Amino acid sequence: MSLSDIPRNHFDPLNHFPPREEHFSGYFSQSLSPPAFLSHGISQLSNAFYAHHPAIFNMNALSQEEMERYQELSNKYEPELPGPLVSHKQSTNAIALDYANADPAFATKTTALAVTHPHSRIMKGDGNCGWRAVAFGYFENLFNLRDPMQVHRELVRIKSLSTLLDQVGQDENLYEIFVDATEEVFGSISGAIERGERDDSFLIELFNDEYNSNAIITHFRLLTSAWMKLNPHRYGAFLSMPLDQYCSTRIETVKTEIDEVGLQGLVDGVIEGSGLMVEILYLDRSEGDAVTSHVLTQTRPGIGAIRLLYRPGHYDLLYGGEPAMNIQPVVNLQYALSSDYETHWDTNDLGFDVNSSLMAIPNLMMDTSFAMAPPMSQPPSDPYRVSPPQEVYQPPVHTPPPPPAASVTPPQPQIRLTGPPPIMSSLPPRSNDGPQIRLNPLVMKPNLSHSLPVTAPFKNSPYNQAHFQNSDFEPIHWEPHESRK
71 MSLSDIPRNH FDPLNHFPPR EEHFSGYFSQ SLSPPAFLSH GISQLSNAFY AHHPAIFNMN
131 ALSQEEMERY QELSNKYEPE LPGPLVSHKQ STNAIALDYA NADPAFATKT TALAVTHPHS
191 RIMKGDGNCG WRAVAFGYFE NLFNLRDPMQ VHRELVRIKS LSTLLDQVGQ DENLYEIFVD
251 ATEEVFGSIS GAIERGERDD SFLIELFNDE YNSNAIITHF RLLTSAWMKL NPHRYGAFLS
311 MPLDQYCSTR IETVKTEIDE VGLQGLVDGV IEGSGLMVEI LYLDRSEGDA VTSHVLTQTR
371 PGIGAIRLLY RPGHYDLLYG GEPAMNIQPV VNLQYALSSD YETHWDTNDL GFDVNSSLMA
431 IPNLMMDTSF AMAPPMSQPP SDPYRVSPPQ EVYQPPVHTP PPPPAASVTP PQPQIRLTGP
491 PPIMSSLPPR SNDGPQIRLN PLVMKPNLSH SLPVTAPFKN SPYNQAHFQN SDFEPIHWEP
551 HESRK
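71 is the number of the first residue of the sequence shown in the working numbering; add one for each residue after it.
No lab work stands behind these hints: they were computed from the structure.
Predicted, not measured: the structure shown is a model, and the values here were computed from it.
One or more of the hints may lead you astray.
Claimed, not checked - Simulated restraints on C-beta separations:
1. Phe538 - Arg223: 24 to 34 Å
2. Glu253 - Gln141: 35 to 45 Å
3. Val185 - Lys229: 20 to 30 Å
4. Lys325 - Ala131: 27 to 37 Å
5. Pro188 - Arg139: 48 to 58 Å
All residues carry an ideal CB built from backbone N, CA and C; glycine is no exception.
Just need the whole structure built from these sequences, with the hints factored in.
Structural data, given as structure tokens:
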């Protein structure tokens with residue numbers, strides 16, 4: 071069969087020789103009509119070509135079995151993809167460079183992404199990238215927690231999910247090999263934590279082994295499928311096909327990429343119980359200069375986070391930068407006490423540990439047996455007294471000056487001199503009713519009466535009577551007859 075034997079109306083819209091009904095006029099009135107010319111020329115060309123190559127373009131020369139074999143080979147063809155299944159951490163600038171000359175929206179968002187998430191981990195795009203990214207991020211977070219008990223709890227929880235497989239009719243003899251592969255990863259993580267390892271290279275090697283990686287992913291696929299089948303009301307409304315058909319064709323089938331509904335089922339059925347947060351960062355052409363974030367879990371924030379970067383048809387892992395520490399500078403305001411700061415006290419004479427951090431906490435009780443003692447009487451005024459909150463200095467309210475009055479001699483201000491505080495040799499008797507304020511035991515020692523330690527929070531507090539904002543603040547007056555100390 072040659073091209074000359076095929077009727078001209080046989081060609082579809084892609085035909086190079088469409089039917090023509092117009093008639094040539096003018097200079098071409100005496101020439102052959104186009105159908106006759108083409109039929110004559112192509113007939114001679116096809117006869118000459120097929121005489122030497124009878125079975126190259128003539129599809130009828132192939133048998134039905136050969137056609138089916140070629141179709142099967144075409145369906146099984148997979149292009150060779152470079153790179154490992156899971157890469158080591160790398161700079162996100164590499165992703166930004168990939169989109170530097172691409173769509174301006176992608177270029178802007180990837181540039182900003184390299185700042186907020188400076189590191190990434192690339193998954194091989196073999197159809198399992200989404201499943202592999204979630205599974206690797208799950209185990210990676212468990213390893214980074216450094217908690218063997220948490221790893222053990224997760225192992226028990228994941229193994230208990232096998233009851234879901236039994237409920238949907240899965241044969242234990244078929245899925246137990248996938249459960250064993252997942253259990254081996256938990257064992258490797260526990261061993262690495264006990265040995266004090268910090269390098270996650272062992273985990274990368276496990277996932278770069280194609281057998282182990284596919285077994286773990288298959289286990290997660292079966293768990294997701296069973297969970298969705300047992301909770302059809304949560305996912306059925308978002309599918310364009312019956313749930314059972316969706317699970318058999320999109321979830322359980324190997325090397326089928328995960329979509330939004332399947333990813334939500336994976337998070338709900340497998341990841342949610344671990345306390346990890348799962349977040350997707352969408353790289354698309356939406357408005358804004360940053361990627362669009364969407365959190366799939368109810369845990370905000372969790373004990374860890376799995377952050378996925380979604381590019382059209384592909385998933386990778388992202389890692390945020392270290393949180394910045396906002397340290398406020400300590401500003402020392404004016405403070406003073408009428409005591410010798412250079413004197414050191416003997417801590418061996420104290421019945422407790424001198425902890426400046428604990429001593430700075432107001433109303434901290436070191437002995438709960440004093441909690442119900444009767445209230446103590448108000449001590450006399452002294453430089454060490456702490457003013458109540460209502461006595462804190464308030465800024466004066468400016469009022470108009472009063473009208474001038476007759477001149478009178480103002481009374482001379484009286485200087486109040488106070489002596490050293492009385493020394494307490496023992497604590498008051500204890501009781502079981504009524505609140506009691508526990509005094510600092512430092513004031514109980516006679517040899518410590520002039521060496522009261524002052525912590526930084528109390529120095530800068532207006533409750534300190536030596537603070538200039540305290541309502542009872544009075545400068546220390548020097549008398550000529552006193553010797554310089």
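Hints, verified against the model:
1. Phe538 - Arg223: 24 to 34 Å: 56 Å, violated
2. Glu253 - Gln141: 35 to 45 Å: Distance hint for Glu253, Gln141 holds at roughly 41 Å.
3. Val185 - Lys229: 20 to 30 Å: 41 Å, violated
4. Lys325 - Ala131: 27 to 37 Å: 34 Å, holds
5. Pro188 - Arg139: 48 to 58 Å: The hint (48 to 58 Å, Cβ to Cβ) holds, given that Pro188 and Arg139 are roughly 50 Å apart.
When held up to the earlier numbered hints, the structure conflicts with 1 and 3 and fits the remainder.
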